[in-house]
Amino acid sequence: MSEHISSVKLYVGIWLALLAGTGLTVFAAYVDLGPFNTIVALSIATIKAVLVVLFFMHVKYAHERMTKLVIVTAIFFLFILLALSMADYGTRLWT
Amino acid sequence: MHTSPVAAAHPEAHDNPALLHHFATAEQQKDAASFGMWLFLVTEVMFFGGMFCAYLVYRYWYFGDFGAASQSLDIRLGALNTVVLICSSLTVALAVRCAQIGKQKSIVIYLLLTIVLGLAFLGVKAVEYKSKFDENHIPGQAGFHLAGHIPSHPDIPVNQAHAQVYFSLYFAMTGMHALHMIIGVGLFAFLTYKAWQGRYTSDYYTPVENAGLYWHFVDIVWIYLFPLLYLIDRHK
Chain W
1 MSEHISSVKL
11 YVGIWLALLA
21 GTGLTVFAAY
31 VDLGPFNTIV
41 ALSIATIKAV
51 LVVLFFMHVK
61 YAHERMTKLV
71 IVTAIFFLFI
81 LLALSMADYG
91 TRLWT
Chain C
1 MHTSPVAAAH
11 PEAHDNPALL
21 HHFATAEQQK
31 DAASFGMWLF
41 LVTEVMFFGG
51 MFCAYLVYRY
61 WYFGDFGAAS
71 QSLDIRLGAL
81 NTVVLICSSL
91 TVALAVRCAQ
101 IGKQKSIVIY
111 LLLTIVLGLA
121 FLGVKAVEYK
131 SKFDENHIPG
141 QAGFHLAGHI
151 PSHPDIPVNQ
161 AHAQVYFSLY
171 FAMTGMHALH
181 MIIGVGLFAF
191 LTYKAWQGRY
201 TSDYYTPVEN
211 AGLYWHFVDI
221 VWIYLFPLLY
231 LIDRHK
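Residue numbers (my numbering), protein chains in the order written: chain W, 1 to 95; chain C, 1 to 236.
Derived by calculation from the structure, the hints in this document are not laboratory data. Hints should not be assumed to be uniformly reliable.
[What the hints assert, rightly or not] Here are the simulated BS3-like cross-link-like pairs (lysine-lysine), alpha carbons at most 30 Å apart as the crow flies:
hint	chain 1	residue 1	chain 2	residue 2
1	C	Lys103	C	Lys236
2	C	Lys236	W	Lys9
3	C	Lys105	C	Lys236
4	C	Lys130	C	Lys236
5	C	Lys194	C	Lys125
6	W	Lys60	C	Lys103
7	C	Lys105	C	Lys194
8	W	Lys9	C	Lys103
9	C	Lys130	W	Lys9
10	C	Lys103	C	Lys194
11	W	Lys60	W	Lys9
12	W	Lys60	C	Lys105
13	W	Lys60	C	Lys194
14	W	Lys9	W	Lys68
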């Protein structure tokens, strides 16, 4: 088996990046960015999630391409769930 | 240890005792197990997705009330738990790495560390829940009351019904997340026992890896829950 083995250095680096992201998101929450507060918070969360998926969950090194297809499918259907629901609920108050 | 009949009959073709007879190679077996785990995680994405969708709808409808309710949470405990969970993800990743390189003692140590961090998370969560009960911030309770006003609108008091929707979502989402943590801690307790017995080698460590995938997923859910539940409208 040719399993990819990441170095401890890489794991600790990702760990530090995740901690920095947590600090940054708490800091950003107290800065008035107008409507961008939510966008910034969710962007930081998404960057953290991508780091976890790629490096902790080894998707970056997955030789099985089906794994990537499954992840993209999950994100796509989650997008459909959220976007189509909001297209309904988000516009009900419009007159 | 499990030895398949085929492996017993053909030792030259199957020198890995963990290889089941219906797989051609250990790599194929591992890929199948890993793929199955990812499919399970997709169902989990959709499961939590439903709750995130409900959150999104009500955050949009009851915008200010959600801001006021969010500010009643303790941001320090939320941030502490985020750090605890990120540390536990690191220890799991290192446990899987030790399995890959065959350091059997280190697997046990890192899994035990993960269990300790998982229990620490649940302990902090219990403290938070306790304070919600003390403050009468339990949705559906007759005495429910959230004092204060909508952020940046001192003239508009909090709508109690809308605030209860926030706390319903808070308890549903963090409660389901905590249940996943409890299940994860149970899984790791089992894996620690097996690892201590020397069950996992660099040839066979699929259960450790798949439990790791599950734990990282639970971590990702919290990565989104933290800003959505604790950090909204803090600047106002």
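Evaluation of the provided hints:
1. C/Lys103 with C/Lys236: violated (51 Å)
2. C/Lys236 with W/Lys9: Violated, at about 40 Å.
3. C/Lys105 with C/Lys236: Violated, because 51 Å separates the two Cα atoms, which is more than 30 Å.
4. C/Lys130 with C/Lys236: holds (27 Å)
5. C/Lys194 with C/Lys125: Judged against 30 Å, a Cα distance of about 29 Å means the pair holds.
6. W/Lys60 with C/Lys103: holds (24 Å)
7. C/Lys105 with C/Lys194: Holds: C/Lys105 and C/Lys194 sit about 11 Å apart, inside 30 Å.
8. W/Lys9 with C/Lys103: holds (17 Å)
9. C/Lys130 with W/Lys9: violated (39 Å)
10. C/Lys103 with C/Lys194: holds (14 Å)
11. W/Lys60 with W/Lys9: holds (16 Å)
12. W/Lys60 with C/Lys105: holds (27 Å)
13. W/Lys60 with C/Lys194: holds (29 Å)
14. W/Lys9 with W/Lys68: It holds: about 25 Å lies between the C-alpha atoms, which stays within 30 Å.
Of the hints listed earlier, those the structure fails to meet are numbers 1, 2, 3, 9, in rising order.
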